[in-house]
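So the protein sequences, as listed, match chains A and B.
FYI, in the numbering used here the residues of the first sequence are 1 to 395.
FYI, in the numbering used here the residues of the second sequence are 1001 to 1395.
Please note that the accuracy of each hint is not assured.
To be verified - Some chain B residues close to chain A (C-beta under 8 Å, calculated; not the full set):
#1 Gln-1064
#2 Ala-1243
#3 Arg-1317
#4 Tyr-1341
In case anyone wonders, no lab produced these hints; they're calculated from the structure.
Where a beta carbon is used, it is the ideal one built from N, C-alpha and C, also for glycine.
2 protein chains.
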Amino acid sequence: MSKPLRFELQKSLNTDTTKARAAKIYLKKHPYALELTQKGQSFPNSTPTEFVIETPTFMPVGTQGTVKGLTPNDLVAMNAQIILGNTYHLYLRPGHQRVERLGDLQKFMNWGGPILTDSGGFQVFSLSAMNKINDEGVTFQSHIDGSKHHFNAELSMQIQRALGSNIVMAFDQCPPFPATEKFIRDSMKRTVEWAKRGLKVELKPHQARFGIFQGSLNVELRKESIAQLSELPFDGFALGGFAIGEPMEMMHQVVRHVAPLMPENKPRYLMGVGRPEDLIESVRAGIDIFDCVMPSRNARNGQLFTSVGRINIKNARYADDEGPLDPSCECETCKNYSRAYLRHLFVAGEYLSGRLNTIHNLHFYINLMKQMRKAILEDRFDAWAKDFYSQFNAS
Amino acid sequence: MSKPLRFELQKSLNTDTTKARAAKIYLKKHPYALELTQKGQSFPNSTPTEFVIETPTFMPVGTQGTVKGLTPNDLVAMNAQIILGNTYHLYLRPGHQRVERLGDLQKFMNWGGPILTDSGGFQVFSLSAMNKINDEGVTFQSHIDGSKHHFNAELSMQIQRALGSNIVMAFDQCPPFPATEKFIRDSMKRTVEWAKRGLKVELKPHQARFGIFQGSLNVELRKESIAQLSELPFDGFALGGFAIGEPMEMMHQVVRHVAPLMPENKPRYLMGVGRPEDLIESVRAGIDIFDCVMPSRNARNGQLFTSVGRINIKNARYADDEGPLDPSCECETCKNYSRAYLRHLFVAGEYLSGRLNTIHNLHFYINLMKQMRKAILEDRFDAWAKDFYSQFNAS
Chain A
1 MSKPLRFELQ KSLNTDTTKA RAAKIYLKKH PYALELTQKG QSFPNSTPTE
51 FVIETPTFMP VGTQGTVKGL TPNDLVAMNA QIILGNTYHL YLRPGHQRVE
101 RLGDLQKFMN WGGPILTDSG GFQVFSLSAM NKINDEGVTF QSHIDGSKHH
151 FNAELSMQIQ RALGSNIVMA FDQCPPFPAT EKFIRDSMKR TVEWAKRGLK
201 VELKPHQARF GIFQGSLNVE LRKESIAQLS ELPFDGFALG GFAIGEPMEM
251 MHQVVRHVAP LMPENKPRYL MGVGRPEDLI ESVRAGIDIF DCVMPSRNAR
301 NGQLFTSVGR INIKNARYAD DEGPLDPSCE CETCKNYSRA YLRHLFVAGE
351 YLSGRLNTIH NLHFYINLMK QMRKAILEDR FDAWAKDFYS QFNAS
Chain B
1001 MSKPLRFELQ KSLNTDTTKA RAAKIYLKKH PYALELTQKG QSFPNSTPTE
1051 FVIETPTFMP VGTQGTVKGL TPNDLVAMNA QIILGNTYHL YLRPGHQRVE
1101 RLGDLQKFMN WGGPILTDSG GFQVFSLSAM NKINDEGVTF QSHIDGSKHH
1151 FNAELSMQIQ RALGSNIVMA FDQCPPFPAT EKFIRDSMKR TVEWAKRGLK
1201 VELKPHQARF GIFQGSLNVE LRKESIAQLS ELPFDGFALG GFAIGEPMEM
1251 MHQVVRHVAP LMPENKPRYL MGVGRPEDLI ESVRAGIDIF DCVMPSRNAR
1301 NGQLFTSVGR INIKNARYAD DEGPLDPSCE CETCKNYSRA YLRHLFVAGE
1351 YLSGRLNTIH NLHFYINLMK QMRKAILEDR FDAWAKDFYS QFNAS
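Chain A on its own, in the form it takes in the complex (with noise of 0.2 Å):
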């Protein structure tokens, strides 16, 4: 039986200065994805059998089972090459086994993409009451009606398994920042001993396995954590426990220093992150795949990001502004609409603001990574990096 992920490392620089690092991902395709290719409506960029990722890559954040206020044909129509859904959300609504029972989560979406699910691991910790915590798991309150659930290692595997993703995410345990030293370590054991026990739940062929690294801001612990996981039979890894409040320069450090230790021929994923310069620093570090709800939410909140920078489109400035958001922009938004008609939408608190909003931000995130990706391959990722930098910050 083939494997569910492949990875094949097109470029890697290897300056002082940049271990960014061009690959393409294979994912096996997921059954209801093969239905789809039959029908003749296969995934873009997808082979008969596979789904190609080419990274860097952005993962827009599909957290109930639906970016907020998109459709699958707008994430198409931004080029989105995979999402991601929360175990732990849709765990409690709609029920994992439901969604099971009408296929699976891309099915239930109407995604005919790859998506990637958390473990649950870190919403448990931050969303929810929580009531217990030990080796064996997490008794924790829902954040919806305080009902008492408990999660571990292996349920979180179950669930994921239940929901068909097509990548699957060890259960973790995320300290928050600041947190003492042993805090650090003993989440960090734990994390591995959860990642071991859940690499025993047998997933659905097509379902690839990150392992995760804690060690929060520690870089000896980040190394310990390396060390113990990186030889287990995980298709990728990932960096869990940062943007949670630590000082962004502080991660940026850290991942400067551990990202390179990470197992090199595979996928490298940094969890949370971040903003425009964080993604930039990180892919600069060697990581590969990002997701972050900061593009999606800021764009509720009426906050743009653009090629010349960051625009509040609520300002006054804008309300007789028939130019586009961004001229450089070749999102639905910025080709159909003004910064005039987009500042009366978020004034008036209409629904279609957060909407066209949304595709310009993620539009913006998922272009900057094709950007980095094309500089990469070219060999002159820092000159990129400083001209972007140059218009990005110059308002």
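Start from chain A and add chain B according to the hints.
Okay, now just chain B, sitting in the frame of chain A:
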């Protein structure tokens, strides 16, 4: 100079039970539409210089320069022929002068088709805190910030001229239900005077103008209103002041009496109506044009219309239902999503819920009008209505 509106009656039934009619309304294209036509982006079912509206027709409501949650492309996909904009709302926000500076309302919202704007009369009386009304006009406070404003027959025309809508409605006073006969008579007479005054304000060459008949449920006063306004040079006429709280059966009775008395060779528009059965009974009475927030507002509340009756998508019975909302519907929502998914989106409070539900409900309404038109042209309206009711009321 050609007229802004031409009316072509195609078929007019005249039995004891039905006066239903099918027509084509030709509307002169506004400058932005001509520009789009020159660019090869002509609106569906239009000639190089005119929009062609096939009646009976339903106009989706785009209160603040957007049909809530939808893009113009969504509206084209559901075969919307014309939409409605609200003078009161657009005057307050973003301001009609701003819209005019930026082109016109159609350009502002990137809608390639025609727009009818109401006069602001209804909203002034229903939404704002009214301070004073007399024969000259109305002083009121904005529902947004309490600021003071004054509307009259002339200003309503000037605002609609600035908005550049294709059909401009006369400024009217809509009496509440119930009201005394004196109040109904006075507001009807005032509406006649305001109509006459408004006619003196010149519009743009592409703008057609409709008069509004008032008179509440008083058939004699409605007849008087029709007698006094029908000879004035309006391009079409509307029945205003219905569906404001009166028993719907009473509305049906009055409409049945007065619709056939409206000028035969001009469009007949019933404002703000209604439920599917109200549309059917009013088409039966001889009405051509409708608008109503019901399909879009109900959609956001999870109340959906299907060929086999009403659905409350929140209902637990749909949690595992993998079928489409309406098996005989061809809309984007029904072609791509299950009831189970739509229920999940609604229960989870997701933005996509309102969008997908609105697409379905508006498609349902527009398709309902199409079916009625076909039945009229084929001289089988009564039989069609009987069939429709037997299915729609079955569940």
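Okay, the hints, checked on the actual structure:
Taking 8 Å as the C-beta contact cut-off toward chain A, the hint placing Gln-1064(B) at the interface holds, the least distance being around 5 Å. Look at Ala-1243(B): its Cβ only gets to about 24 Å from chain A, farther than 8 Å, so that hint breaks. The criterion of a C-beta within 8 Å of any C-beta in chain A is not met by Arg-1317(B), whose closest approach is roughly 13 Å, and the hint is violated. A distance limit of 8 Å between C-beta atoms decides the matter here; for Tyr-1341(B) the minimum to chain A is near 6 Å, and the interface restraint holds.
The structure fails hints 2, 3 (numbered hints given earlier, in ascending order).
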